[in-house]
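The hints should help you fit chain B onto chain S, whose structure is shown.
Just so you know, the sequences run in chain order S and B.
First residue of the first sequence? That's 1 in the numbering used here, and the numbers climb one at a time after it.
First residue of the second sequence? That's 128 in the numbering used here, and the numbers climb one at a time after it.
If you're looking for bench data, these hints aren't it; they were derived computationally from the structure.
Glycine residues also receive a C-beta, built at the ideal position from the N, C-alpha and C atoms.
There may be inaccurate statements among the hints.
[As the list claims (entries may be wrong)] Here are some of the chain B residues that sit facing chain S, going by a computed Cβ distance under 10 Å:
(1) A148
(2) L152
(3) Y154
(4) I155
(5) R156
(6) E160
(7) R161
(8) V281
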Amino acid sequence: MAKQSTAKKTVPQKPVAEVHNAQPAKEKSAAPNLDRLIHERLRLGIISALAANESLTFSDLKNLMNTTDGNLSVHARKLEEAGYISCTKFFEGRLPKTEYKLTAAGRSALENYVSHMESLIKQMRNS
Amino acid sequence: MKPIPLVPKPQTEPPALHDRAMDNLRYIRETMERATAFTGISGFGSIAIGITALLACVIAAQQATFNGWIAVWFAEGLISLLIAGWSMDRKARAIDMPLGSGPGRKAVFSLTPPMIAGGLLTIMLVQAGLTNVIPGVWLLLYGTGVITGGMYSVRVVPIMGICLMALGALALFSPAYSNWFMAAGFGGLHLVFGAIIVRKYGG
Numbered sequence: 001m002a003k004q005s006t007a008k009k010t011v012p013q014k015p016v017a018e019v020h021n022a023q024p025a026k027e028k029s030a031a032p033n034l035d036r037l038i039h040e041r042l043r044l045g046i047i048s049a050l051a052a053n054e055s056l057t058f059s060d061l062k063n064l065m066n067t068t069d070g071n072l073s074v075h076a077r078k079l080e081e082a083g084y085i086s087c088t089k090f091f092e093g094r095l096p097k098t099e100y101k102l103t104a105a106g107r108s109a110l111e112n113y114v115s116h117m118e119s120l121i122k123q124m125r126n127s
Numbered sequence: 128m129k130p131i132p133l134v135p136k137p138q139t140e141p142p143a144l145h146d147r148a149m150d151n152l153r154y155i156r157e158t159m160e161r162a163t164a165f166t167g168i169s170g171f172g173s174i175a176i177g178i179t180a181l182l183a184c185v186i187a188a189q190q191a192t193f194n195g196w197i198a199v200w201f202a203e204g205l206i207s208l209l210i211a212g213w214s215m216d217r218k219a220r221a222i223d224m225p226l227g228s229g230p231g232r233k234a235v236f237s238l239t240p241p242m243i244a245g246g247l248l249t250i251m252l253v254q255a256g257l258t259n260v261i262p263g264v265w266l267l268l269y270g271t272g273v274i275t276g277g278m279y280s281v282r283v284v285p286i287m288g289i290c291l292m293a294l295g296a297l298a299l300f301s302p303a304y305s306n307w308f309m310a311a312g313f314g315g316l317h318l319v320f321g322a323i324i325v326r327k328y329g330g
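Just chain S, same shape as in the assembly (with noise of 0.2 Å):
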């Protein structure tokens, strides 16, 4: 739970929690254990479009999601501190390069949302 310091990591961390109640009063009656941390729009993009590709660099992702540099690199660190995308620098050339990456963690934690949502959908047909 203790908010890690942002000084620099080279290996991805191990996923911080499972479930990020960023506001857990608000939505917890109807949606308990919702995945904060990827259901934000932004997020979710560059999750799904991780697990279609084997990796993706930062100038991908950004025309792929249609952002701005500074509005991506929030929210891929986001990503990044919980364990769901990996990072790599290098050069290309005299090119700096950033690489993403979906890790194990990222992978299942896109699983556990989308049965999430099937869920949701299904409770709501039935009742």
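Same frame as chain S, but now just chain B:
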């Protein structure tokens, strides 16, 4: 007179949550499809098509009759379709998420119309005796398909389509060299752009 009763209408199930869940799933699927189409084109497949096209060029140039020439290219067309289908399927299968199914469909939709147009035009051009414009027409139409199919892909793909169209235009106006333009277009461009995709976009 009578005060309007402020009774809330009987609440139907709140649609918001349900709709949002559907919307989220749709968003995931669309993003994955977009991201797959992004690099779904197989560079190795393109190189293989380039090699077979160069071979076809050599064999076709040795044919004494026009019928022999067109039969060789027809066979090459079938072979390259098979290579393209197989290599894209392999690249798509590398993703073990059941949601991804977009890239093949996109490629088929963008390439089929110009191919049908090309087939019909070829029949008419043969009947009209205008066989020497056929290579130019093929290159131009294939180029349009690659441009439209490549719009959502990495930038090199539509650039390849533009190069194909340029070669097609040259082939139309200088039919004497049309075999060379075929070799450069269907062979050379596939090799060059295939190599770029392999190097920069992982296979």
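How the hints compare with the structure:
no.	hint	verdict
1	A148	4 Å, holds
2	L152	5 Å, holds
3	Y154	7 Å, holds
4	I155	5 Å, holds
5	R156	8 Å, holds
6	E160	8 Å, holds
7	R161	6 Å, holds
8	V281	8 Å, holds
When held up to the earlier numbered hints, the structure conflicts with none and fits them all.
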